Every structure is written in C-alpha cells, then in structure tokens.
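Protein chains in written order, with the working numbering: chain H, 1 to 212; chain W, 1 to 260.
No lab work stands behind these hints, which were simulated from the structure alone. Computed from a predicted structure; not experimentally measured. Please note: incorrect hints may appear among the correct ones.
As the list claims (entries may be wrong) - For the chain W half of the interface with chain H, some residues (derived, Cβ under 10 Å), not all of them:
no. : residue
1   : V11
2   : Y26
3   : D72
4   : S138
5   : R153
Stated by the list, open to error - Which chain H residues face chain W? A few, computed with CB under 10 Å, are given here:
no. : residue
6   : V103
7   : F135
8   : G183
9   : R193
Backbone N, C-alpha and C fix where the C-beta goes; we use that ideal spot for every residue, glycine too.
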Amino acid sequence: MNISTSIWTWVMAACILAIFSFIYKENPIYRFAEHVFVGSTAGHAIGMAVGNIHRFGWVPLTTKNEWHFIIPAILGLMLYARFIKGYAWVSRWPIAYLVGNGVGLSLFTSLNSQAILQARATMMDLIVHDKAGKFLLNRTFDNFLLVFGVLIVLTYFIFSIPQNGPMKKVSQAGRWLMMLTFGVSFGNVVAGRISLLLGQISILLTRWLGVI
Amino acid sequence: MELVPGNIFGVWAMVVVSICVLLVVYLTKEGKFLVKLRRIAGLEAIEEAIGRATEMGKPVHFSPGIADVTGDTAPQTFAALEVLTYVTTLSAKYNAELIVTIRMPNVFPLAQEVVRQGYLAAGKPDLFQEETVRFLSSEQFAYIAGVLGIFTRQRVAANLMIGAFWAESLLMAEGGSQVGAIQVAGTANMHQIPFFVAACDYTLIGEEIYAGGAYLSQDKVRLGSIASQDYVKFALMASILVGAVMMTAGNDWLRVLFVK
C-alpha cells in the first residue's frame with residue numbers, strides 16, 4: 001500500500017466519494033460536492049467567456065483594426081437590455097439573430113446528413129452474390145432486414161395519416177423493431193457505464209491508495 | 001456561383017422540400033387541407049403528470065435538454081421550447097410550481113421568455129418568478145448534479161425531459177424515478193431513448209418530439225408543417241425501395257444521384 005501524499009489526489013478522491021455517496025441517499029456531503037462542482041464550473045465558464053471576448057473580440061478590434069467585431073460585441077451587449085425596464089424588447093434582437101442563424105445553418109446539414117445520406121446508404125442489394133456468383137444467404141438476410149426495417153420504422157413516424165388496418169400493423173411492427181434495437185443498445189451502454197465505474201474505482205485504488 | 005459537387009442533389013432537395021412545406025402549410029392555413037395527427041400517448045400524459053404534481057402540492061421539473069440553439073441538434077431544443085409553452089400554460093391553469101433547469105446559456109433567455117409569456121397568456125403573470133427558470137451550469141455533469149439535487153431537495157412530482165440528451169439522460173431519469181416522480185421524456189438522440197424507455201413512464205421516440213408543438217397547440221401552420229414532412233418521408237421511403245430494387249438489378253443510378 002502506497003497512499004498518495006499529494007493534496008490534490010486527496011481532494012480528487014474526496015470529491016469522487018462524495019458524489020458516489022448519492023448512491024446511499026442525498027446527504028450534506030453530496031450536497032457540498034454538488035455545489036462545489038456546479039459553482040466551480042459556472043466560474044470556469046465565466047472565465048472562459050471573458051477570455052474569449054478578450055481574445056476574439058477586444059484584441060482584434062483594438063490592435064488589428066478589425067472593426068466588424070463591433071457587431072457581435074453590440075449584439076452581446078443588447079442581451080443585457082432585458083435588465084433595463086422599458087427596453088427589454090431590445091434583448092430579443094440578438095436572440096432572433098442567433099436563432100435565425102442556427103436554423104439557417106442547420107437546414108441543409110440536417111436534411112443532407114439525416115435524410116439524404118441515410119436514404120442512400122439504405123439502397124442496398126436485396127439479393128447478394130459474391131464475386132464468383134455464389135448466393136450469400138446471410139448478407140441477403142441482413143440487407144432485407146435493413147431495407148425493410150427502415151421502411152417499417154419510418155411508417156411509425158407518419159403522423160398525419162390515420163393508423164388503421166394494415167398501416168397500424170406495419171406501424172406496430174416498426175415499434176417492436178425499435179424496442180428490440182433499444183434493448184441491444186441499452187445492454188451495450190450499460191456495459192460501457194460499468195467500465196466508467198471501474199475507471200473511477202481504479203483511480204481510487206492506484207493514484208490515491210496505491211494498492212494496485 | 002457554382003454548387004459544390006456532393007451537395008448539388010442536397011441543395012435541390014432542400015429547395016423542393018421547402019416548396020412542399022410552404023405549399024402544404026399555405027393550404028392548411030387557408031383551410032383547404034385538413035390535418036389530423038395520430039394520438040401520441042407521451043404528449044397526452046403531460047397533463048396527467050402536471051395534474052398529479054398539483055394534487056401532491058409538489059413542483060414540476062422541465063428540462064429542454066442540453067443542446068444549444070445552433071447546430072444539428074438545435075431543432076430538438078426548439079421542439080422542447082414549444083412543449084415548454086404548453087407545460088407553462090398547464091402549470092398556470094393548475095397553479096403548479098414549475099422549475100425549468102437550463103444547461104446552455106443561449107437557451108436561458110429563450111426559456112425565460114417562453115415561461116414569462118406563457119404565464120402572461122394564461123392571465124397569471126404573478127406566477128412567474130426569477131427562479132422558475134434556472135441556469136445551473138454549462139458543464140454537462142455539473143448540470144445533472146444540480147438537477148439531481150433539485151429533485152431530492154424539492155421532491156418534484158413530475159419530471160418532463162424533452163430535447164437533446166446525451167450521457168446524463170439515464171442519471172436524470174433514474175434520479176426522477178428515485179423520488180417517485182411521474183416521468184415523460186423524449187429525445188431524437190436515438191442512442192439515449194433506451195434509457196428513457198427503461199426509466200420513464202412515457203417516452204416520446206425521435207420525431208414525436210418535433211410533432212409535439214403541433215399536436216399540443218393544434219396550430220394550423222405547425223400541423224401543415226408536420227403533414228408536409230410526412231409527404232417528404234413517403235418520397236424518401238419510395239426512393240429507398242426503388243433504389244434497393246435498382247441496386248438488385250445492377251443499376252446504381254439513383255444511389256449515385258443522391259451524392260451528386
């Protein structure tokens with residue numbers, strides 16, 4: 001056993017154990033760690049924001065005469081108008097600018113990456129042969145499942161057409177298919193989370209207690 | 001101006017989709033086209049959740065996810081804010097205490113405005129308090145630590161999570177479950193839905209959150225938008241089927257066209 005003598009390793013271990021104490025129940029030690037965590041990250045974010053304003057706004061504006069940086073600076077200041085009685089409406093303009101830009105920028109990328117490229121990737125051979133012309137049953141089954149699985153699941157997400165008769169059956173099949181996929185995904189991620197837990201325990205045992 | 005190879009089809013598709021959306025929205029708005037959405041159980045459960053919180057005299061928690069108002073996940077944040085409008089209206093109607101927790105600084109003024117306007121529209125502006133909408137932290141796990149603290153200290157009776165969530169989804173859903181809150185969750189981040197399905201009472205899967213605003217408000221413009229998206233989905237489904245059949249026949253024309 002080789003217990004760490006570094007004060008910061010002790011602080012780290014105490015924070016990990018304090019957060020883990022929530023597993024038992026909410027308690028003052030967890031509450032303290034929570035407030036330190038939330039407070040320190042908020043403080044860090046403010047520090048980063050001030051640093052960014054200085055680095056990407058103030059410096060180019062004052063030393064490189066890049067005057068166009070005055071626009072985001074003004075928009076940023078307009079946000080604070082919400083604290084001035086009678087002028088709160090001014091703060092809506094930078095928000096509108098931000099939202100408009102966000103929507104505009106994501107319009108093409110969303111359609112392209114989430115619809116067009118996905119549809120293209122689903123256009124697959126439904127009967128697969130190898131180079132020698134031999135029929136491949138496994139690959140054929142995989143491709144059938146993928147193509148018709150996507151079509152069935154998409155039917156579930158049709159909202160404006162009444163789901164009666166065959167449409168309802170297909171939609172329900174889509175729901176079951178999704179649940180099956182979610183089950184597999186859940187198992188995979190739980191395994192991943194256990195490895196994260198092991199990582200934290202490993203840190204405590206090696207860097208703090210030095211037993212392994 | 002020249003279109004970048006690889007984006008040509010995408011740009012034209014965007015133009016066609018936009019025209020389709022505008023046309024259907026126009027026809028719906030003019031009353032020439034009637035849209036009725038199918039039942040979405042998760043959205044209907046929101047009223048039940050808020051009603052239960054009111055009966056218990058405990059607060060309702062709402063999280064619009066942890067995404068910003070820019071980027072690919074921004075539509076999820078906007079969808080969440082639309083649901084927040086409905087949640088605020090119901091909270092005002094039942095006099096239930098509402099707590100909205102925020103991770104992204106840019107979302108904070110939007111959420112605050114939505115809640116303030118919601119209370120105003122319901123004729124109860126006095127219900128809006130500065131601490132109704134709370135910015136916790138822009139750091140993902142500090143945000144969730146703060147949310148868990150609120151859950152346990154204020155014993156929330158209803159936990160509504162609509163928006164883009166990542167690794168914190170299960171932590172939040174589990175925290176809500178531990179305090180016995182009725183939980184309605186929804187996200188379009190498919191990798192997080194399994195956790196919501198496992199830990200929540202009702203789950204909105206993927207695109208159901210986008211339909212939320214239209215479903216809850218029954219606003220004609222939004223209903224038209226959802227209907228037009230359904231037609232685009234039909235077109236994509238047909239393309240996939242035709243493309244797969246063509247590929248089987250040894251013709252990759254449609255597949256190549258999609259990346260032109």
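Consistency of the hints with the structure:
no.: 1; hint: V11; result: 7 Å, holds
no.: 2; hint: Y26; result: 16 Å, violated
no.: 3; hint: D72; result: 6 Å, holds
no.: 4; hint: S138; result: 5 Å, holds
no.: 5; hint: R153; result: 7 Å, holds
no.: 6; hint: V103; result: 7 Å, holds
no.: 7; hint: F135; result: 13 Å, violated
no.: 8; hint: G183; result: 7 Å, holds
no.: 9; hint: R193; result: 8 Å, holds
Going down the numbered hints, you'll see the structure goes against 2, 7, while the others check out.
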